[in-house]
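Protein chains in written order, with the working numbering: chain D, 5 to 412; chain L, 5 to 412.
Rather than coming from a laboratory, the hints here were simulated on the basis of the structure. Some hints here could point you the wrong way.
Since the list gives no way to pick out one identical chain from another, each pair is judged satisfied if it fits inside one copy or across any two copies.
Straight-line Cα separation of at most 30 Å, DSSO-like style, residue types lysine-lysine; simulated pairs [unchecked claim]:
| hint | residue 1 | residue 2 |
| --- | --- | --- |
| 1 | K291 | K142 |
| 2 | K186 | K378 |
| 3 | K165 | K378 |
| 4 | K331 | K162 |
| 5 | K355 | K28 |
| 6 | K342 | K15 |
| 7 | K403 | K331 |
| 8 | K154 | K237 |
| 9 | K15 | K273 |
| 10 | K281 | K387 |
| 11 | K237 | K183 |
| 12 | K15 | K93 |
| 13 | K342 | K142 |
| 14 | K403 | K189 |
| 15 | K237 | K149 |
| 16 | K138 | K189 |
| 17 | K378 | K93 |
| 18 | K321 | K183 |
| 19 | K186 | K94 |
| 20 | K189 | K94 |
| 21 | K237 | K155 |
| 22 | K165 | K93 |
| 23 | K155 | K355 |
| 24 | K142 | K281 |
| 25 | K355 | K294 |
Single-letter residue listing:
Number of protein chains: 2
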Amino acid sequence: MDFFNVVTIDKANEIIMNNFIDYKFEVEEINILNSPNRILAEDVISDIDVPEFNRSTVDGYSIIVEDSHGATASIPSMLRQIGEVAMGKKPENDIIRGQAIYTPTGGMLPTSASGVIMIENTELMDDQTLLIYKPISKGENIVFKGDDIKKGEVVLEKGRKIDAAAVGVLASLGISNVKVYKMPKFYIISTGDEIIDIGEELTLGKIRDINSYALYSMIEKIGCQVVGRKIVKDDYDLLRLEVENGLELADIVLLSGGSSVGTRDYTDKVIASFAGKGVLVHGLAIKPGKPTIVGEGNGKLIVGLPGHPVSSIIVFKAIVEEFIRQKLGKTEIQPQVKAITEYNFPSSPGKKTYHMVHLRQENGIYYATPNFGKSGMITLLSKSQGYIVIKEHEEGVNKGEERVVYLL
Amino acid sequence: MDFFNVVTIDKANEIIMNNFIDYKFEVEEINILNSPNRILAEDVISDIDVPEFNRSTVDGYSIIVEDSHGATASIPSMLRQIGEVAMGKKPENDIIRGQAIYTPTGGMLPTSASGVIMIENTELMDDQTLLIYKPISKGENIVFKGDDIKKGEVVLEKGRKIDAAAVGVLASLGISNVKVYKMPKFYIISTGDEIIDIGEELTLGKIRDINSYALYSMIEKIGCQVVGRKIVKDDYDLLRLEVENGLELADIVLLSGGSSVGTRDYTDKVIASFAGKGVLVHGLAIKPGKPTIVGEGNGKLIVGLPGHPVSSIIVFKAIVEEFIRQKLGKTEIQPQVKAITEYNFPSSPGKKTYHMVHLRQENGIYYATPNFGKSGMITLLSKSQGYIVIKEHEEGVNKGEERVVYLL
């Protein structure tokens, strides 16, 4: 197997999308309290106005605003207070010119009221006589019926990741169940004679399966689920059997590791052995992350990730997360900070380069130092807070430049 | 109750920390696969070296590097290939000067090897004769024993939020269970005669309980849990009873809403009615979010949040999240982007001002527009991607300035 026909990340994503244009994730209905971090599978359209009535945004008096015009501290307007609005109830009376009704924050306005004057700008002389010391304008201190959400409005769009604000919107509309995409299912297969699981005894020459644990965590973070996790020796038949299981149970099969030449060759053949288009991408023009294989088998996406932890996570983000995002979600802003670089960062001509960095903050400014860990180290990941991306055509980054650091 | 003695956010956090200096969150041991987003309750110290042996980072030949010195494409060095390292096994033989052993990526090096030459820079003439076309330096393409993690090293610090990299580190050490803080428990009480729950029929004058749903989602997002959620009418006895329940079951009791003057007065009295220091903070110098009450009852934190959804979320982040962070976690970088402001943003002298903004991206640059929704609207939150903070002494933000937008 060669990695000479490497393609860019953008090209790889395009190839994947073209080949999975008809792949659909299922939909389910869940309670809104379980919905955060899930993706909306349909537009949410309001069937009510929010609020359903004109509300006061302050504690004060509902009036007809013309009654306040010309009022000053020295020459106040005098109105007749005719009652009080109870919270959660309709006002008992409407008002006419010259009248005022006490209205608490959130209270419903009498039909004819055109403004609410804050209690601080009034004085109650006796039970009925109210002095007004300031003019107010039409609509002042009112949220009108439908101001927040209008009946028939699309309030949340299909593809939105549900956050606290979205849950709040759903609650305001009285929607307790919502249609979301089922969590995409992943099957993770770690390959290699040297890989042992966490509970096994470590003998010389072996290493523990790091990547599948890190991937497990990444998968859950983006609102997906792991339905199986297996370690397989360097053996074509064993690997094919596990991939077959994975294709049966999951939406996406991840092959992790396989740093030996043998496993890399198997991966190729295994992918090609299933019904479908076989290997679609064979090497990525990124650093690190070149030895990546992407294919299709039995209609499902199979991704062979590089063996080094950092490469594995970067390719997962660039390829797998992007696939999920394009199939289910709209653009989301990737958490980031801007930081001043404290060293020169080299680039690799023709490759998109990812540098892990350590961030420190001083006087509110972030500074980024490259993490000089060797390829293959897990601490290269755990001691970094984020990474800098250097594009294919760029010639590296100079010390002192301000760059975007994407947070891990 | 007055809000004249408002304090800054920093002062409020200091008062809270001083009064809860002895408050401890419990610790539990959980499987690392369930640990993402939880907070480490102890330092993790490695009891092994990672790797436990010198590993190759490439497919190539283990050699004694002096044998490669002087080698060029035209005058290669000639070595004797004496075998192959099997993945996951100890090499069967060591090497002496003049010898080489094939070593795949991740394979264990023979004891005397001081470098690995990449297969691309060699040529195998026959079974035993290896030509080397390039010199390599000492240690080249090797991860030495303990290079990644040293025995006795603190690899993850207490207070770290567990992410994919941390899970990877734990897996590499063979640690399958880890001590984390128990998820802090919250009890949410929504107050107000006008508040109805999501399933109830909406009659004129009522509004649905938005804030407790949004808070529920925020609480889970930061790795905490909600143990109870109640709606209470404007009644001192009912409110006190629920707060008592909350103090019994939870670490933190949140009072949400209570926009009417009556409820605000009750809150004060209710907090003071329990054993402890009573009301600690009475109004915050922020906009929005001023009408916030913080107190201590039966040794627990009680926070009365403002009624408007945006204010509620901002105070939650500034006060409650900060409390959890200071008690459990280390500094974490708040997700943010830098954006050019497209309007002037006013400030409120002497107050920290939070402006919700809508972000758009053009040619890789973010632009921020203030969300002009009225106070009290849930869409002011749901149509914003983040917020700009204007400090107490600042005079607003001018159109065209670059500012940090904190993501919601």
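Right, here's what the structure says about each hint:
1. Taking identical chains as interchangeable, the C-alpha atoms of K291 and K142 lie at most 30 Å apart only when they sit on different chains, with a minimum of 24 Å there against 62 Å within one chain.
2. Proximity of K186 and K378 under a CA criterion of 30 Å is satisfied in neither setting, with 39 Å inside one chain copy and 35 Å between copies.
3. In this assembly of identical chains, the alpha carbons of K165 and K378 lie at most 30 Å apart only when taken from different copies (24 Å versus 36 Å within one copy).
4. In this assembly of identical chains, the alpha carbons of K331 and K162 lie at most 30 Å apart only when taken from the same copy (11 Å versus 38 Å across copies).
5. Neither within a single protomer nor between protomers do K355 and K28 lie at most 30 Å apart by alpha-carbon distance, with minima of 32 Å and 50 Å respectively.
6. With identical chains, the CA atoms of K342 and K15 are at most 30 Å apart both within one copy (27 Å) and between copies (28 Å).
7. Within a single copy, K403 and K331 get their C-alpha atoms no closer than 39 Å, and across copies no closer than 37 Å, so neither meets the 30 Å cut-off.
8. Within a single copy, K154 and K237 get their C-alpha atoms only as close as 60 Å, which misses the 30 Å cut-off; across copies the closest is 28 Å, which meets it.
9. In the homo-oligomer, the alpha carbons of K15 and K273 lie at most 30 Å apart inside one protomer (23 Å), although the nearest pairing across protomers, at 64 Å, exceeds that limit.
10. Taking identical chains as interchangeable, the C-alpha atoms of K281 and K387 are never at most 30 Å apart, the minima being 40 Å within one chain and 42 Å between chains.
11. Taking the shortest alpha-carbon separations for K237 and K183, neither the intra-copy value of 41 Å nor the inter-copy value of 32 Å comes in at or below 30 Å.
12. Within a single copy, K15 and K93 get their C-alpha atoms no closer than 60 Å, and across copies no closer than 39 Å, so neither meets the 30 Å cut-off.
13. In this homomeric assembly, K342 and K142 never come within 30 Å of each other (Cα to Cα): the closest approach is 44 Å inside a single copy and 38 Å across copies.
14. Within a single copy, K403 and K189 get their C-alpha atoms no closer than 43 Å, and across copies no closer than 46 Å, so neither meets the 30 Å cut-off.
15. Taking the shortest alpha-carbon separations for K237 and K149, only the inter-copy value of 24 Å comes in at or below 30 Å, while the best intra-copy value is 66 Å.
16. In the homo-oligomer, the alpha carbons of K138 and K189 never lie at most 30 Å apart, since the shortest distance is 62 Å inside one protomer and 47 Å across protomers.
17. In this assembly of identical chains, K378 and K93 lie within 30 Å of each other by CA distance solely across copies; the values are 22 Å between and 68 Å within a copy.
18. Taking the shortest alpha-carbon separations for K321 and K183, both the intra-copy value of 26 Å and the inter-copy value of 28 Å come in at or below 30 Å.
19. For the identical chains of this complex, K186 and K94 are neighbours neither inside a copy (43 Å) nor across copies (46 Å), given an alpha-carbon limit of 30 Å.
20. Taking CA atoms no more than 30 Å apart as the test, K189 paired with K94 passes in neither setting, with 50 Å inside one copy and 37 Å between copies.
21. For a Cα distance limit of 30 Å, the shortest separation of K237 from K155 across copies, 28 Å, qualifies, whereas the shortest one inside one copy, 59 Å, does not.
22. Taking CA atoms no more than 30 Å apart as the test, K165 paired with K93 passes in neither setting, with 36 Å inside one copy and 46 Å between copies.
23. Taking CA atoms no more than 30 Å apart as the test, K155 paired with K355 passes in neither setting, with 51 Å inside one copy and 36 Å between copies.
24. Proximity of K142 and K281 under a CA criterion of 30 Å is satisfied in neither setting, with 66 Å inside one chain copy and 45 Å between copies.
25. Proximity of K355 and K294 under a CA criterion of 30 Å is satisfied intra-copy only: 9 Å inside one chain copy versus 52 Å between copies.
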